[in-house]
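**Q** Spelled out from the first residue to the last, the chains are:
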Amino acid sequence: MPKKKVLIVDDEEHIRFLYSEELTDEGYDVVTTDSGYQLMELIEKEKPDVIVLDIKMVDYNGLDLLQDIRNKYYDLPVILCTAYDTFKEDMKSIAADHYVIKSFDLTELKSKIASALEAHIPES
Amino acid sequence: MFAAEVNPLGIKSAEVVVCIPSYNEAPNIALPTQKADEGLCEYFQGAKAVIINCDNDSTDGTREVFLKTATEVPKIYLSTPPGVRGKGNNLKNLFKKVLDLKAEVVIVVDADLKSITAQWIKRLGEPLTRDFGYVAPLYVRHKYDGTITNAIAYPMTRALYGRRVRQPLGGDFGFSGRLAEIYLRSNTWDEAVSQFGIDIWMTTLAMNNGIPICQAFMGRPKIHKAKDPVTELGPMFRQVIGTIFRMMIKSAPFWKGVKWSKPTAIFGFGLGEVEMPPTVEVNFHLLHHRFVEGFDDHLELWRKVFCGEVLRKLMEIRDLDNDRFDFPTLVWIRVLYDMAVVFQKTPPENTDVLIDSLIPLYFGKTLSFAKKTERMSIQEAEEVIENESMLFEESKPYLVENWPG
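These protein sequences, in sequence, are chains A and B.
Per numbering that gives the first Met the number 0: the first sequence ends with 123, consecutive numbering throughout.
Per numbering that gives the first Met the number 0: the second sequence ends with 404, consecutive numbering throughout.
The hints are simulated quantities; they were obtained by calculation from the structure and are not laboratory data.
Worth double-checking, as some hints may not be accurate.
Stated by the list, open to error - Calculated cross-link-like contacts (lysine-lysine; reagent style PhoX-like; alpha-carbon spacing at most 25 Å):
hint, chain 1, residue 1, chain 2, residue 2
1, B, K312, B, K371
2, B, K258, A, K46
3, B, K95, B, K47
4, B, K121, A, K71
5, A, K109, B, K258
6, A, K71, B, K312
7, A, K4, B, K258
8, B, K258, A, K91
9, A, K44, B, K261
10, B, K261, A, K46
11, B, K258, A, K71
12, A, K101, B, K312
13, B, K261, A, K91
14, B, K121, A, K91
15, A, K3, B, K258
16, B, K261, A, K109
17, A, K2, B, K261
18, A, K3, B, K121
19, A, K4, B, K261
20, A, K55, B, K261
21, B, K258, A, K2
None of these values were measured; they are calculated from a predicted model.
Extracted from the complex, chain B is given alone in its bound form (with noise of 0.2 Å):
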């Protein structure tokens, strides 16, 4: 089952558990690992809990570290076989063993996390002793964080699936035991699922399975390493987009019958000052510049991909400087929309050639966004997503009239 694992008390079992997925977190790993076990103590006081390293068979020591950090709560470590990679696989071995120790309550949090407090865990955690079976992270984030989130995955999940959970691929969150098995029994398992696709992948299914969802407002703004963009950005992209699109093709048949959206129960507010998120700088020249490049890149595939009127809108909006530069949202849906039609009849082979080439699409969307709400607070900007979530779902129709089958 697992390539290795460290269980030093021979726990067998649990009733709440706490994940920290890694790979090469060594000199981060020790601050969750303390506030996860803050968290339990103060909070989950009387249950059996343990804490739970899922890794990536880390090099840097991660495995060492982790155990060596003093805690009250018992430990295990699990490793992925060397070589296995990706935050999906840690935690469907996080999913095996929560049916292995018969838990009821698993929390997971990022560990390259700085501004984790042990309320985290009880706001993750607490939802699931009530009615919930699924708990999304609510943060305060700055308007330009989160671009993907905001542009794509927000409202896409939203105007699909019915729920409104802000941060669908947040990274720290709650499941119920019972949703680990639908997890783990689930046959939507792929290779993007196994890497960053994985919490969309979560979300989704949560939302799909009729789970009770909340949020958890989180009180402090999310802070954790920080990852190069331009390394980072089109893998990710890849996963997180892709996961989305093939997610659509399974539950077509549902979400064809989601109309409008619904929110869902807030837990934790009251709980704490809340603190506002440092700000995020965006390089508004170099956006457009990669927006205008991917004409010249992927044109011929666009032209297979969008019809005619989409065409000329984009070629317009190529053509406007970058001081009038402005992507109208409802293009913004059907570039969306149509791509994820075109992507159902794509052989897989050649899904990433086109997810890739939404990415220029993605860089022009943005900055159409950052100078619209340059001006804005960050509520101020809320209220935009708001207000083109809202678009979404009602142009979902002609996603449906468009769809196969």
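Chain A extracted, bound-state conformation (with noise of 0.2 Å):
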């Protein structure tokens, strides 16, 4: 079966580090960036089977981000990932699909990607 590919989109080197690591360790294939720059022809490219978002990056605001991956994905799945729970104050937090508090520990980051990787809706 083919491995389940992963992006991370966070501005911070560390993270992306870490995410990466820990992912692949898990057996997802991953690929990283460090902005919101052409992120659109970045998935087109490739076809990540679900995105890790960070809110709030230098140069770009993660949640209009989710508003341009929805409006062109309807069903890509997208977690928000942040330091602090303000975001959900702004409810375009909630055209995602899960969200997590960034930790060094990442077993809700791991547990939320395998859920929004099993969501399933039948065809019609």
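Work from the hints to combine the two standalone chains into their complex.
**A** Structure follows, in structure tokens:
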């Protein structure tokens, strides 16, 4: 069975490194980017199965990127990742499949990735 | 087809339709008619548009007010036969008319809306010109508003059909001409759907027909004519919950295959300031009283519906005083799932009694939610609802296991 591909969008290098290492060990194919720049093109090229998206990046607002992703990719799972949970005050966040608070313990993130990939709605 | 049709300009086709369903809304219908006109003129320039009032043969002059309201967009008035009531019956007339007109974009707004703006027409209609087939409204609501939605309709539809539509019975929505045809041909129409069950029925059919759904962020809260909760709760509860349960029976092969849920796209952010909703007061003592009273009226029936474990839990909850009251979400989920299973086996003539017995338990659940979120902001209360909805999804295997067949 082909590996599921996770795209990590985060401007913090150590987070990209940590996620990449741990998720690769978990059996995922991991692609990373440090910016929302040309994210749509990257998604088109890499065709990830799930995106882990940082909300607060220096140049980009993750919630705006989420809107762009959702408008183009109706069912592509997106997991929001943030250091603070105040983002939930912005209703844009409900277009995400899940959210996790950034932590060095990736148990929750792994669990959310697994359930996002498991989610299934049959063809009618 | 229609008991009465007034089509002053003889409109035979249209691309965009705004429908205002009504019954005795003469004092209110002019505003949504004007806003529909403004919205169509501003945001659907160049499209052939029409505003349709689908009415239940109102006796208060609704038709006259509607037709006399000055608009640039042409208007059509349709009515059900005298004595035939219900929003669903009005919308059935709309579905037929949409097919006649060959309309592609259909927007429905309630006749008693006081907070409608022209932008609502854009937000509910524009996604339909892209790839979406159904647009549900997303309002900021007070944490104590929309309790049937929060406690039952949202978490149930989300767990069953796998789409997170926060206001599945919002009342204002958009749908495509193709979906109108699906609605008209559906064999799931019944009496409850012809009344208040229509909104949840339309959302559910869109979900289980694989129609791309989005939610339109409305920016302003929904403010409309106040309803009497005492006289209107019973029929509305029966029709909405009955429709949810009946749709479960008819779409079991579909929802059994749904695993977890997916979000929907949100349309309409960044189009202005977000306005906070007015406060809704909750009478804790009355809710508690109605909950406890339910044991006198329905305990015998509940003994047949719920297993010993659930019954024991309900008794424990009954014995809690108002200050320490808590109705655990997992018990509430078992109540709903068990009742859905029993509903499936119940002869149609007895289902109203079954749903009526759920009302006191719903009061208990509402009280518990109100107490838990008493000091919370709207956003924090939303998180509680989201967490509870996840529990509905996590508990779904129990429902699948117990569902006959």
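**Q** State for each hint whether it applies.
**A** Tested hints:
| no. | hint | verdict |
| --- | --- | --- |
| 1 | B:K312 to B:K371 | holds, 19 Å |
| 2 | B:K258 to A:K46 | holds, 22 Å |
| 3 | B:K95 to B:K47 | holds, 18 Å |
| 4 | B:K121 to A:K71 | holds, 20 Å |
| 5 | A:K109 to B:K258 | holds, 18 Å |
| 6 | A:K71 to B:K312 | violated, 47 Å |
| 7 | A:K4 to B:K258 | holds, 20 Å |
| 8 | B:K258 to A:K91 | holds, 24 Å |
| 9 | A:K44 to B:K261 | holds, 23 Å |
| 10 | B:K261 to A:K46 | holds, 18 Å |
| 11 | B:K258 to A:K71 | holds, 23 Å |
| 12 | A:K101 to B:K312 | violated, 38 Å |
| 13 | B:K261 to A:K91 | holds, 15 Å |
| 14 | B:K121 to A:K91 | holds, 18 Å |
| 15 | A:K3 to B:K258 | holds, 18 Å |
| 16 | B:K261 to A:K109 | holds, 17 Å |
| 17 | A:K2 to B:K261 | holds, 22 Å |
| 18 | A:K3 to B:K121 | violated, 38 Å |
| 19 | A:K4 to B:K261 | holds, 18 Å |
| 20 | A:K55 to B:K261 | holds, 23 Å |
| 21 | B:K258 to A:K2 | holds, 21 Å |
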